Every structure is written in C-alpha cells, then in structure tokens.
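Q: Given next are the chains, with one letter for each unit.
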Amino acid sequence: MQKAQTTIPFKGTKEQEEKLKAVITQLRDEKGALMPILQHAQDIYGYLPMEVQEVISEEMDIPLEEVYGVVSFYTQFTLNPKGQYNIAVCLGTACYVKGSKEIFDAISDKLGIGPGGCTADGKFSFEACRCIGACGLAPVMMINDEVYGRLVKDDVGKILDRY
Amino acid sequence: MIRSHVLICSGENCTSSGSEKLISAMESEIVKKGLADEVKVIKAGCFDLCSSGPNMIIYPEGAFYSNVTVADISEIVEEHLIKGRVVKRLLHHDFTQEKTVSSLNEVPFYQKQLRIALRNCGVINPEDIDEYIAFDGYRALGKVLTEMKPEEVIDVVLRSGLRGRGGAGFPTGRKWQLARGNAADQKYVCCNADEGDPGAFMDRSVLEGDPHSVLEAMAIAGYAIGATQGYIYVRAEYPIAIKRLRIAIDQARDYNLLGKDIFGTGFEFDIELRLGSGAFVCGEETALMTSIEGHRGEPHPRPPFPAVKGLFGKPTILNNVETYANIAQIILKGPEWFSSIGTEKSKGTKVFALGGKINHTGLVEIPMGTTLREIIDDIGGGIPGGKKFKAAQTGGPSGGCIPPEHLDIKIDYDNLISIGSMMGSGGLIVMDEDNCMVDIARFFLDFTVDESCGKCVPCRIGTRRLLEILDKIISGNGEMKDLDRLDELCRYIKENSLCGLGQTAPNPVLSTLHYFRDEYLAHVVDKRCPAGVCKSLITYEIDPVKCTGCTLCARNCPTNAITGTVKNPHVIDKSKCIKCGVCQQKCRFSAVIKK
Ligand SMILES: Cc1cc2nc3c(=O)[nH]c(=O)nc-3n(C[C@H](O)[C@H](O)[C@H](O)COP(=O)(O)O)c2cc1C
Ligand code: SF4
Ligand code: SF4
Ligand code: FES
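As they're listed, the protein sequences go chains Y and S. Following my numbering, the numbering of the first sequence begins with 1 at its first residue and continues without gaps. Following my numbering, the numbering of the second sequence begins with 1 at its first residue and continues without gaps.
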C-alpha cells in the first residue's frame with residue numbers, strides 16, 4: 001500500500017527524543033529489536049516522521065532505507081500525525097456483510113476526508129480497520145479507544161457531534 | 001468463606017458495552033452490603049454470546065444474566081446474592097425457544113458445543129494464575145517434565161490426531177517430530193497469534209480468557225523439540241490480549257513455571273512477546289519469522305522448512321493459538337480420548353467465530369463432523385428477520401462461500417476443501433439474500449490486493465487484474481468473456497504464487513463463480529444486481545399506487561431528484577438520483593422500490 005508523506009512540520013520535543021533514545025539503549029541488543037523500537041517510537045510521537053526514522057537509523061546503525069522499508073510495510077505504522085480523535089471504521093467481513101461500508105461512506109462524507117486523511121483543524125483523522133474483534137456488535141467503529149457498535153447510518157452524525 | 005462467584009464478562013465485546021462499569025458497581029455494592037468475604041467478583045473472558053452482552057454468570061447456581069445494566073446491580077445483589085432468588089427478569093432469553101433459560105448448559109447456544117480449547121474461557125479469571133492452576137493448570141507440564149521423555153510427548157500428540165488450527169491442518173505431532181530430529185545449539189517455539197482473517201476473533205478470545213493454556217503448551221512443545229525460548233507473535237490491535245499475556249508471563253515466571261529449572265527438573269524455557277503491526281501476510285510462517293527478526297515480513301520459498309532453518313536460522317516450530325490450547329488436555333486425558341472426538345481424519349473440536357447475518361453471534365466450539373446446518377440453525381439460532389440463507393463463508397480471504405445445497409456437509413478439513421472452501425482459522429460468516437456474492441468476492445479481493453506483499457508477480461499483478469474485472473462487472477460493464485477471464489486468471493494465480501496468500505487468494509472468486517454463477521450472469525447479461533447491493537445496477541422507483549403524495553421523500557432527497565405535488569404520486573428523476581436510499585428509508589408507505 002502506498003503511504004502518503006506528511007506535509008505537516010515536525011514538532012518533536014527534546015523530552016520525546018530522550019525517551020526514544022532511552023528505549024533504543026534498552027532494547028538495542030535484543031534480537032530483531034527494530035520492530036519493537038518502532039512501536040515504542042510511534043507511541044512516543046504518535047507517528048513516525050522521517051526525522052524520527054533518521055534518529056533510529058543513526059542510533060541503531062541500520063540504513064535509513066531499511067528502516068523506511070519496514071515502516072512502509074506494516075499498516076500499523078503511520079507517517080502522518082493522527083487527529084485529536086482518530087476514527088476507525090471496521091471493514092472486517094462480519095461488519096462488511098452488515099453494512100459497515102455505508103457507515104464508512106457516511107463518515108467520509110460528513111468529515112469531507114478520505115481514509116488516511118485528517119481534518120484541517122486536526123480534530124478528526126479517519127481510517128478503515130479490519131476486525132477489531134467485536135463482531136458481535138457489528139457494524140463497529142472506534143473513536144480513539146471507545147468502541148461504538150450496532151451502528152446505523154443515521155447515528156453517525158450524532159456520535160461525531162459529541163466530540 | 002466464598003460462597004458465590006460472580007463472573008462478569010470482560011471480553012472486548014462486553015467491555016465495549018459497558019462491563020467495566022458493571023464490575024466496579026458490583027464490587028462496591030458487595031462491599032456496601034457486607035458480602036465481601038462471601039462473594040467474589042471475577043473478571044471473566046468472553047462467554048461468547050456477545051450479542052446479548054454485557055453478560056454475567058453467578059455460580060454455584062449458574063444463572064446466566066444478559067443485557068445487564070448498572071441499574072440492575074442492586075436488585076441482583078439483594079435478590080440473588082442475599083436472598084438466593086434468581087432474578088428471572090434478567091435471565092438470558094433465548095430466541096429459538098420461547099422460554100427463559102437459566103444456566104449456561106441449558107442455553108441452546110452451548111448445548112451442541114464441546115469446549116476443549118475454550119474450556120476455561122469465561123470460567124476463570126485470566127489475570128490470576130492460581131485460578132488456572134485450580135483447574136488443573138500446569139499439571140500437564142509437570143507430568144511431561146517429570147514422567148515423560150520428549151519422544152513420548154511427541155508420540156502422544158501424534159496419536160491424538162491433532163492437526164493445526166491455523167488453517168492448513170498439518171499434523172502437529174509430525175511438525176514437532178521434524179523439529180526434534182534436527183540437532184542445533186538453539187531451537188525456537190513460536191505461537192501464531194496474528195489472527196489475520198479480517199472477520200474472526202477466536203485466538204483473541206483464548207488469549208484474553210485463558211492465556212496460561214498457551215504458555216503451558218509452548219513450554220511442553222519446548223521440552224518436546226528441545227527448545228528453551230518461545231515467541232508469541234500477537235497482533236498489536238489486541239490490547240487486552242497483550243496485557244493479559246504480559247501478566248500471565250510475569251506470574252508464570254514468579255511461580256517458576258517459566259524460567260530456569262522448571263519443576264526442579266533442570267528444564268529451562270522462557271517466552272517473549274512480539275507485536276505484529278498489521279500485515280496479513282505475516283500470518284504466513286516464513287513471513288512471520290522474518291518479521292520477528294525485525295524486517296519487512298515477506299515470505300520466502302520453502303524448503304528450507306522452518307523445522308530445519310526457521311527463526312534466526314534455527315530449527316523452529318510455529319503453531320496457532322488454538323492448536324496450543326488443546327495440548328494440555330491431550331496430555332492429561334490421553335490421545336485416545338481426543339481421537340475419539342471428530343471424524344476419521346479430523347480429530348477433536350474446532351472453534352469458529354460465528355458472525356454476520358445470524359441471531360447469536362459469538363464463538364462456538366464444536367466437535368469436528370458437526371454440520372453447518374446445526375451450527376447455523378441450532379447454535380446460531382437462525383437468520384434474523386425471517387430472511388433466507390444464501391451462503392456461509394469460511395476460511396476468510398483464503399476460503400470460499402458455501403451454498404445452501406452443502407449445508408449438511410460434515411465440517412472437517414477435507415470436506416471443506418472438497419467443496420471449494422477451507423477450514424481456515426475459524427471465521428464463519430453467514431450471509432442472507434441481501435448480500436451480493438459478486439460484491440463479497442470483490443470485498444475479499446480488495447483485501448488481498450491491499451495485503452499482497454508484492455514480492456511475486458502472479459499475486460501482485462494478478463490479484464489487481466481480478467479486482468479490475470470484478471469492478472467492471474459490478475459497474476455494469478461486464479461482458480461474458482470476463483467470466484472466462486476470471487476463471488483463467490484465478491487458476492494461473494493459484495498455481496504460480498510463491499506463498500499461501502497468493503495461492504488461495506482466488507478462492508472467494510472461484511467458489512462464488514461456481515455456486516452463484518446466476519448472480520454473475522444477472523450482473524453481466526441483465527445488468528441487474530439481484531440482492532440490490534451494487535449501486536450502479538440498481539434504480540429507485542416510486543410505486544404510484546402506494547404513494548400517498550406525503551412529500552416526505554422529496555423533502556429528504558439530497559439531490560432534489562424527486563418531484564411531485566401534495567397528495568399526488570411522486571416521481572424520481574433517474575438522472576439526478578445518486579441512489580443513496582434515503583427516500584426508501586423515509587417512506588412510511590413502502591412506496592419506494594429498489595430494482
Ligand atoms: C497469508 C497467510 C496468512 C495466515 N494467517 C494465519 C493466522 O492469522 N493465524 C494462524 O494461526 N495461521 C495463519 N496462517 C497459517 C500459518 O502459516 C501456519 O500454517 C500456522 O500458523 C501453523 O500453525 P498450526 O499448524 O498450528 O495451524 C496463515 C497462512 C498464510 C499463507
Ligand atoms: S504470493 Fe503474494 S503475498 Fe505471497 S510472496 Fe507472492 S506477492 Fe507476497
Ligand atoms: S435514492 Fe437518494 S438520491 Fe435517489 S431519489 Fe431517493 S433520496 Fe433521492
Ligand atoms: S468484523 Fe468488525 S469487529 Fe469483527
């Protein structure tokens with residue numbers, strides 16, 4: 001999958017960088033440490049801009065192409081900052097057969113952004129996800145950690161308005 | 001002394017419908033009423049009846065309460081826990097039988113099931129190793145380490161007939177035997193908890209509800225093949241499962257059930273977690289190992305097989321979560337017990353995540369050889385809204401759609417393959433007359449195109465071409481020759497792809513093309529979508545006889561496509577209509593028809 005590079009300037013802090021370096025020092029000698037380090041880095045910064053990948057590449061002595069190759073391979077890693085609220089609509093099979101595509105389209109219409117996008121005010125970002133394991137509640141979406149289930153198209157507006 | 005246990009489901013489904021609040025409300029109510037020494041609240045794993053959650057079971061009575069709210073708590077405590085009277089109003093109401101059932105074993109959803117892999121799920125507190133131990137936990141590991149030789153362990157697993165639950169159904173004992181046979185200074189035991197099927201959650205439930213059963217089995221496997229290190233590769237999207245695994249590993253280390261000199265036998269084994277970051281192909285064994293090594297998770301050709309050269313170049317076994325969840329029971333109860341369950345070539349049980357258009361969604365564990373009809377009608381309670389069954393999908397993106405004429409086939413590995421599907425890891429999605437089979441085929445292809453790692457051409461380019469043809473058919477531009485091209489391309493991709501992803505990706509297309517050819521023909525020849533799903537092929541019309549001229553539809557149409565005056569039949573201008581369906585939803589007289 002193609003991943004769009006962000007155009008939003010990098011705003012990392014000294015503190016974040018220290019945290020990242022501490023994680024690297026701690027994990028560096030483990031076998032296959034790159035993935036766990038990237039996962040921690042994403043927790044620290046919320047996303048993995050080139051600036052962060054450069055630090056990891058340097059500290060770990062792994063070529064930047066290789067770091068980028070790993071980041072771009074896995075869907076969990078994102079090159080874009082997320083909105084204050086990240087909306088993920090489940091397009092897993094159970095949700096799909098119960099009409100989650102309609103929910104997906106309704107949200108995309110309402111926010112005026114496509115999957116992977118972020119509203120101009122930085123409030124909402126929006127993506128599709130695969131089964132989050134709440135198929136019993138299908139169709140399902142998540143806003144940050146909150147799960148909304150048994151959705152119907154008309155609910156979507158009301159739920160978003162609460163944020 | 002504790003006289004009652006209150007089990008509250010804290011699986012993902014019930015947590016999303018508010019079970020956390022129930023747990024704290026129940027706990028404080030119990031303290032308030034001075035019952036803290038007599039009643040214990042247990043956060044249990046999923047009870048697998050998610051559609052009626054939040055659920056609660058109170059033992060020793062086994063009363064099963066569903067759709068419980070915080071407002072019900074004081075009544076439950078007052079009536080049930082203090083006075084000993086079951087609160088009938090909240091008992092799980094089963095919709096296949098017009099009666100209220102009271103205990104877990106009486107709910108028809110559970111009657112046809114046999115729980116081996118899920119035996120502890122919803123019964124013990126997964127965050128407390130003592131409860132696992134109280135239910136025979138780590139006894140199998142003790143027995144293996146103190147009474148059995150590694151070869152004997154492998155022999156027991158072989159004779160049980162256990163086959164891998166991750167999809168392909170390779171005999172587990174055979175896999176262990178191969179890895180044991182390869183001498184090396186280090187070997188690895190891996191657990192596949194990547195659960196990539198986009199509509200399934202069996203493994204997650206085992207990890208959330210009974211994490212120790214996986215740890216124990218991995219240690220047994222380590223002893224059997226001669227490995228001292230295990231890795232669990234678990235999806236990062238499963239935060240609760242990850243948290244419980246971490247707790248379980250720490251507790252097992254504290255009790256010295258992991259670590260050095262386990263059971264004082266000198267056997268050493270430890271387990272680490274690795275988080276998968278959302279790539280379906282990483283469920284494939286060689287890709288999974290490459291990913292644990294910290295690289296892009298691309299598959300590589302076999303041989304060499306992992307049993308010879310796997311993780312970090314050492315002999316490695318990889319088994320699925322559910323496969324492991326069976327191991328301790330096989331050791332304790334014996335291979336004959338296990339192989340007495342199931343069909344000739346598929347022994348034991350299989351867990352399915354039953355979802356889609358079905359009354360009871362949730363996890364079901366059935367003996368191999370149960371028919372699909374039993375699962376759908378008896379366990380699942382049939383299809384909601386009196387709709388007609390159209391197909392059941394097993395095996396996720398690698399599997400196929402099973403039509404009504406095969407509902408009575410006995411489920412096992414070989415039978416499912418013979419009807420063009422496969423067991424897969426256990427997704428079972430039911431579809432009714434409102435689902436379009438061409439659209440479903442497209443849905444899965446869209447998934448595989450997205451998830452193809454791109455390493456080999458037949459899969460990378462081939463699946464993309466398949467998707468384009470399906471899009472052409474769905475948009476109403478399909479021609480007869482497209483159907484032949486689909487078929488040809490499918491067979492080419494199957495034969496020439498490097499890994500299982502590409503080799504199985506065409507299955508959803510092939511099976512729908514085979515069993516639901518008339519639906520493809522309707523799209524291609526009549527330019528019609530019989531299920532009314534494919535937007536380009538449907539039109540909305542207003543029935544002038546039924547229309548009362550209430551103007552409701554016209555007022556709601558986003559594109560002002562509906563014209564008409566009060567009390568006169570309205571008309572839709574097809575050139576303006578964007579087929580949003582709002583008019584049909586709004587009309588109170590069923591005058592808007594979709595064709
Ligand atoms: C594309 C692809 C995805 C797979 N995904 C999974 C998965 O999510 N979980 C799993 O256990 N096995 C999955 N498998 C099967 C594994 O490669 C492997 O056969 C299995 O984990 C072995 O364990 P078992 O013998 O216990 O089934 C997948 C295979 C392929 C080709
Ligand atoms: S078949 Fe597909 S997923 Fe498998 S190696 Fe080839 S391109 Fe990658
Ligand atoms: S389907 Fe939507 S766009 Fe078409 S007539 Fe009805 S309300 Fe208007
Ligand atoms: S398919 Fe949506 S939660 Fe499982």
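Among the hints, erroneous ones may be present.
Per label pair, the in silico range of CB-to-CB distance [as the list claims (entries may be wrong)]:
| no. | chain 1 | residue 1 | chain 2 | residue 2 | range |
| --- | --- | --- | --- | --- | --- |
| 1 | Y | T119 | S | A134 | 49 to 55 Å |
| 2 | Y | D161 | S | K527 | 25 to 31 Å |
| 3 | S | D37 | Y | M50 | 56 to 62 Å |
| 4 | Y | E51 | S | G18 | 28 to 34 Å |
| 5 | S | Q584 | Y | K158 | 44 to 50 Å |
Here are a few chain S residues that face chain Y, going by a calculated C-beta distance under 10 Å [what the hints assert, rightly or not]:
| no. | residue |
| --- | --- |
| 6 | D434 |
| 7 | P569 |
| 8 | Q585 |
Just so you know, the hints here were simulated from the structure itself, not pulled from any lab data. Given the structure is predicted, the values throughout are model-derived calculations rather than measurements. All residues carry an ideal CB built from backbone N, CA and C; glycine is no exception.
Q: Now tell me if each hint is right for this structure.
A: Each hint, compared with the structure:
A hinted range of 49 to 55 Å holds for the C-beta pair Y/T119 and S/A134, which are about 52 Å apart. In this structure, Y/D161 and S/K527 break the distance hint of 25 to 31 Å, their C-beta atoms being roughly 40 Å apart. Checked against the hint of 56 to 62 Å, the C-beta distance between S/D37 and Y/M50 comes to roughly 59 Å, which is consistent with it. About 41 Å separates the C-beta atoms of Y/E51 and S/G18, a value inconsistent with the hinted range of 28 to 34 Å.
A beta carbon spacing of about 21 Å between S/Q584 and Y/K158 contradicts the range 44 to 50 Å that was offered as a hint. For S/D434, the shortest C-beta to C-beta distance to chain Y is roughly 9 Å, which falls under 10 Å, so the interface hint holds. Given hint, S/P569 at the interface with chain Y, is violated; its Cβ is 26 Å from that chain's nearest Cβ, farther than 10 Å. Interface hint at S/Q585: satisfied, since its Cβ lies 8 Å from the closest Cβ of chain Y, which is below the 10 Å cut-off.
Comparing the model with each numbered hint stated earlier shows that hints 2, 4, 5 and 7 do not hold.
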